[in-house]
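Generate coordinates for the entire structure from the input sequences, incorporating the hints supplied.
Protein chains: 2
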Amino acid sequence: MHLKSDTMSQKIAALAAGEYSALSLAEHSLERAKKLASLNAFVTFDDSLVLKQAEVASQRIASGRPISPIDGIPIAVKDNYLTADYPTTACSDARPIAPENIDATIVANLRAAGAIIFGKTNMHEWAYGATNTTSNIGATKNPYNQEHITGGSSGGSAVAVASGMVGAALGSDTGGSVRIPSSACGIYGFKPTYGRASRHGILPLSWSLDAPGPMARSLADIEVLLPFFMGQDPHDPSTFNAKPFRAIVKTGTPRVLNLYGEGFERSDEVDLVIRQAIEKTELVAEDYELTDLWRYFSGWETILHCEATSYHLQALEKNPEGFSAVTRAHLEAGRRLSALELLEAQKLRASLMRSLYYEMPDWDVLVLPTLPIPAPKHGEDCQEFGGRKVTTQDSMTWFCWFGNMSGLPCLTIPVGVSELGLPIGMMLMGKAGRDEELLAVARIFDQRINGCS
Amino acid sequence: MHLKSDTMSQKIAALAAGEYSALSLAEHSLERAKKLASLNAFVTFDDSLVLKQAEVASQRIASGRPISPIDGIPIAVKDNYLTADYPTTACSDARPIAPENIDATIVANLRAAGAIIFGKTNMHEWAYGATNTTSNIGATKNPYNQEHITGGSSGGSAVAVASGMVGAALGSDTGGSVRIPSSACGIYGFKPTYGRASRHGILPLSWSLDAPGPMARSLADIEVLLPFFMGQDPHDPSTFNAKPFRAIVKTGTPRVLNLYGEGFERSDEVDLVIRQAIEKTELVAEDYELTDLWRYFSGWETILHCEATSYHLQALEKNPEGFSAVTRAHLEAGRRLSALELLEAQKLRASLMRSLYYEMPDWDVLVLPTLPIPAPKHGEDCQEFGGRKVTTQDSMTWFCWFGNMSGLPCLTIPVGVSELGLPIGMMLMGKAGRDEELLAVARIFDQRINGCS
Numbered sequence: 000m001h002l003k004s005d006t007m008s009q010k011i012a013a014l015a016a017g018e019y020s021a022l023s024l025a026e027h028s029l030e031r032a033k034k035l036a037s038l039n040a041f042v043t044f045d046d047s048l049v050l051k052q053a054e055v056a057s058q059r060i061a062s063g064r065p066i067s068p069i070d071g072i073p074i075a076v077k078d079n080y081l082t083a084d085y086p087t088t089a090c091s092d093a094r095p096i097a098p099e100n101i102d103a104t105i106v107a108n109l110r111a112a113g114a115i116i117f118g119k120t121n122m123h124e125w126a127y128g129a130t131n132t133t134s135n136i137g138a139t140k141n142p143y144n145q146e147h148i149t150g151g152s153s154g155g156s157a158v159a160v161a162s163g164m165v166g167a168a169l170g171s172d173t174g175g176s177v178r179i180p181s182s183a184c185g186i187y188g189f190k191p192t193y194g195r196a197s198r199h200g201i202l203p204l205s206w207s208l209d210a211p212g213p214m215a216r217s218l219a220d221i222e223v224l225l226p227f228f229m230g231q232d233p234h235d236p237s238t239f240n241a242k243p244f245r246a247i248v249k250t251g252t253p254r255v256l257n258l259y260g261e262g263f264e265r266s267d268e269v270d271l272v273i274r275q276a277i278e279k280t281e282l283v284a285e286d287y288e289l290t291d292l293w294r295y296f297s298g299w300e301t302i303l304h305c306e307a308t309s310y311h312l313q314a315l316e317k318n319p320e321g322f323s324a325v326t327r328a329h330l331e332a333g334r335r336l337s338a339l340e341l342l343e344a345q346k347l348r349a350s351l352m353r354s355l356y357y358e359m360p361d362w363d364v365l366v367l368p369t370l371p372i373p374a375p376k377h378g379e380d381c382q383e384f385g386g387r388k389v390t391t392q393d394s395m396t397w398f399c400w401f402g403n404m405s406g407l408p409c410l411t412i413p414v415g416v417s418e419l420g421l422p423i424g425m426m427l428m429g430k431a432g433r434d435e436e437l438l439a440v441a442r443i444f445d446q447r448i449n450g451c452s
Numbered sequence: 000m001h002l003k004s005d006t007m008s009q010k011i012a013a014l015a016a017g018e019y020s021a022l023s024l025a026e027h028s029l030e031r032a033k034k035l036a037s038l039n040a041f042v043t044f045d046d047s048l049v050l051k052q053a054e055v056a057s058q059r060i061a062s063g064r065p066i067s068p069i070d071g072i073p074i075a076v077k078d079n080y081l082t083a084d085y086p087t088t089a090c091s092d093a094r095p096i097a098p099e100n101i102d103a104t105i106v107a108n109l110r111a112a113g114a115i116i117f118g119k120t121n122m123h124e125w126a127y128g129a130t131n132t133t134s135n136i137g138a139t140k141n142p143y144n145q146e147h148i149t150g151g152s153s154g155g156s157a158v159a160v161a162s163g164m165v166g167a168a169l170g171s172d173t174g175g176s177v178r179i180p181s182s183a184c185g186i187y188g189f190k191p192t193y194g195r196a197s198r199h200g201i202l203p204l205s206w207s208l209d210a211p212g213p214m215a216r217s218l219a220d221i222e223v224l225l226p227f228f229m230g231q232d233p234h235d236p237s238t239f240n241a242k243p244f245r246a247i248v249k250t251g252t253p254r255v256l257n258l259y260g261e262g263f264e265r266s267d268e269v270d271l272v273i274r275q276a277i278e279k280t281e282l283v284a285e286d287y288e289l290t291d292l293w294r295y296f297s298g299w300e301t302i303l304h305c306e307a308t309s310y311h312l313q314a315l316e317k318n319p320e321g322f323s324a325v326t327r328a329h330l331e332a333g334r335r336l337s338a339l340e341l342l343e344a345q346k347l348r349a350s351l352m353r354s355l356y357y358e359m360p361d362w363d364v365l366v367l368p369t370l371p372i373p374a375p376k377h378g379e380d381c382q383e384f385g386g387r388k389v390t391t392q393d394s395m396t397w398f399c400w401f402g403n404m405s406g407l408p409c410l411t412i413p414v415g416v417s418e419l420g421l422p423i424g425m426m427l428m429g430k431a432g433r434d435e436e437l438l439a440v441a442r443i444f445d446q447r448i449n450g451c452s
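Chains as they are written, first to last, in numbering that gives the first Met the number 0: chain Z, 0 to 452; chain H, 0 to 452.
One or more of the hints may lead you astray.
Identical chains share a label here; the pair holds if one copy fits it or two copies do between them.
[Stated by the list, open to error] Straight-line C-alpha distance at most 25 Å; calculated BS3-like pairs for lysine-lysine:
no.: 1; residue 1: K317; residue 2: K242
no.: 2; residue 1: K242; residue 2: K430
no.: 3; residue 1: K33; residue 2: K388
no.: 4; residue 1: K33; residue 2: K376
no.: 5; residue 1: K3; residue 2: K317
no.: 6; residue 1: K249; residue 2: K317
no.: 7; residue 1: K317; residue 2: K346
no.: 8; residue 1: K3; residue 2: K34
no.: 9; residue 1: K33; residue 2: K3
no.: 10; residue 1: K51; residue 2: K33
no.: 11; residue 1: K249; residue 2: K34
no.: 12; residue 1: K51; residue 2: K279
no.: 13; residue 1: K430; residue 2: K376
no.: 14; residue 1: K376; residue 2: K51
no.: 15; residue 1: K317; residue 2: K388
no.: 16; residue 1: K376; residue 2: K388
no.: 17; residue 1: K34; residue 2: K51
no.: 18; residue 1: K346; residue 2: K388
no.: 19; residue 1: K279; residue 2: K430
Since the hints were derived computationally from the structure, they do not count as laboratory data.
Here's what the structure looks like:
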């Protein structure tokens, strides 16, 4: 047993085989989280709460009656999910929420299945940024090199998984917040199709873009977790008629498009790793140029700012000092936009969908790097790649916003490391509502690139 | 044969039986449209275009090779649908469109099925009003009493059907524009679920509320027409994955809710007719009170104004005099709204859906009057009913906006006449995407109330 490096699926097998107990697994998690406290992964975790859950799970498993495959598995929760036992702050001082015995639907689903709700992870304040350097408890540190950022906004969740503190973690994704830190920390992260997974009990950033997602150490782990995420939830109207998740095995050769274009530049290093990875798949990947990416990106930003401001308006008026200066500036920007500007942005979204579905050669999976560069160093304001100089913030959402603007399911898988030893991730995108097909195709990629089965 | 009063289905049967030819039917239509020109139903129709289509249809039918059930049936088209052979003006001087050999998808479908595209009908300018008294060719007149209005915005289509000029007509509905004039003129009008019918080639009023719909003299006629309206159209992204229409026969007793509440008042006369009609169905109809209707209504208005202004912005800047003063005032209102106000309105829409699906006792059909009063007289600015005094415009959309704000399928069927002999319609609403179920239930209503089979 390799508690640090095992995937969740391996932990599930080890628990079932009695190689260790849920209690010893929880104790190891607590120990590791404390040992690596300098990574700043957690806002809070509580030994007694964790051990109490683990004892009950241990008894169930010992008596041969586990209630689900994930019974006894410690799972970390981003600090914008409501949890019955932990406070929720979204790493902001603006309006902390005391535990009120309410779990977000996904947390409730996991808890009911016996998972150990381990603690709340550090995040970019209100998820309103992709670096994870703006947080009321300070920045997260990349486990591959603490001088580098993790990306965000689900940075703490990525650290907790990548450094072997927990079996898996929950993130949320409005412009890449699951995928960005997953890629930067060398793990797997999945954003389901908009509206297939419940956001009930997750503090919103931008409700027409937000999607919750699992972060884990293997594709198999992601697939074990998705039934707890997906399907109709009467408390989240965006999930109206949403199908539950059922893993499938794909037959047939997927049609792969390798996207590029002005606004989708990447560093030579990342480009090479991605191209080599695609080669390993032995699949034909046609290069396809997207146009008008800047217009779509500005539409995504407009929707994001307007919806975020709409959600935070009361707090912004009552307690402006509760927000960090940078978050407050974003929120003020949303107040100045007109209804006509917002409608233009919403029309761009429809136009993007049209181009993805009707103007491109038919495809099963779209390929992009998840990030244009490996994780930057702390303190760097700008990044240069592909002939561009952009803010570190924009370099993080560079490709990822595209998945939220279009609502398509997106996955990041690790495919290599940079010269400095930092992880590089590949993003795979599927068609709307076809999350199962995307994951089935991703298994082919993962197998041929990483040898994972 | 009763050319004036036959339903389309009866005309179809008569054509098939050789009782008359498509050509003589077209000649009768032309004659009748000219004879009743004072009703002001048409912007334009062209004898030679009509007769040319009818001759070809006559030959097909005579040779025993009709290409569809509606081969040879004259159909009138609201003047906001693009037509290959007629200009399109939306009854405004702002930006008339010359025929460019382009049909709206629905027109193209009907034309391909052999229907005679008869002419373009009078409408409320840009569909931006529900009285049909604002039009660059003047108001439509109610065929039951020319001193009364028809309602709108598809007023000309309603007149053309109600007075037996054509077999059926096309309308569009953003706040009731199919249902209002259908009810006021004693015919059947149907608004499909938002996103199940193509709007490609229909000039928009408010794209997130607009739905096209058929207007006819029977429920059977509506069901014959719907396959030409519904299903996925690559040119209209709102129809993504939309199912085509397939009529079904309903078994089981429908659960009926009779809606009322503050903002849903109606005149005593209309209330009595509706209650008597419900009694005739012998179905149990539970009264159900809706709350917050004013908030939802204001949300509908906000969405309408913003989207209409967004669409017309360039024309408003280039050619403001092209619009009537009242339409221009509406469009100017849309410029003053903020992104945050629009988002509140969009949130209200989500909240309305939630309340309809999750907070009400389960239902199969919702019942309302289509209009709170029979068709008002021309020249009346205000209406009084149920203890309220409201503008004639607001009295027309009084119940109907609710179907667009929620996106649900809505039907109006005639159920009685007022003391003055003006028609009174009942509105039936179904669940989203369940248009077929709604129509199956409506057949039960129609049979028991009107003896229609």
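Alpha-carbon proximity context of K3 and K34, limit 25 Å: Classified as within: same-chain Cα gap 12 Å, cross-chain 88 Å, threshold 25 Å.
Within, between, both or neither: K242, K430 at alpha-carbon 25 Å: For K242 and K430, the Cα distance is within 25 Å both inside one copy (14 Å) and across copies (18 Å).
Homomeric proximity label, K317 with K242: Cα distance no greater than 25 Å: neither (40 Å within a copy, 48 Å between copies)
Homomeric proximity label, K346 with K388: Cα distance no greater than 25 Å: So K346 and K388 fail the 25 Å test inside a copy (29 Å) and across (38 Å) alike.
Homomeric proximity label, K33 with K3: Cα distance no greater than 25 Å: within (14 Å within a copy, 86 Å between copies)
Identical-chain pair category, K249 with K317, by Cα at 25 Å: neither (53 Å within a copy, 55 Å between copies)
Homo-oligomer pair classification [K376, K430; C-alpha up to 25 Å]: Answer is neither; intra-copy 34 Å and inter-copy 53 Å both fail.
Status of K279 relative to K51 across identical chains (alpha carbons, at most 25 Å): neither (46 Å within a copy, 63 Å between copies)
Within, between, both or neither, where K3 and K317 count as close if Cα-Cα is 25 Å or less: neither (45 Å within a copy, 67 Å between copies)
Identical-chain pair category, K249 with K34, by Cα at 25 Å: Classified as neither: same-chain Cα gap 42 Å, cross-chain 65 Å, threshold 25 Å.
Intra/inter-copy verdict for K33 and K376 if alpha-carbon distance must be at most 25 Å: So K33 and K376 pass the 25 Å test inside one copy only (24 Å; across, 79 Å).
25 Å Cα threshold - placement of K388 relative to K33: Classified as neither: same-chain Cα gap 38 Å, cross-chain 70 Å, threshold 25 Å.
Violated hints for the displayed structure, listed by number in ascending order: 1, 3, 5, 6, 11, 12, 13, 14, 15, 18.
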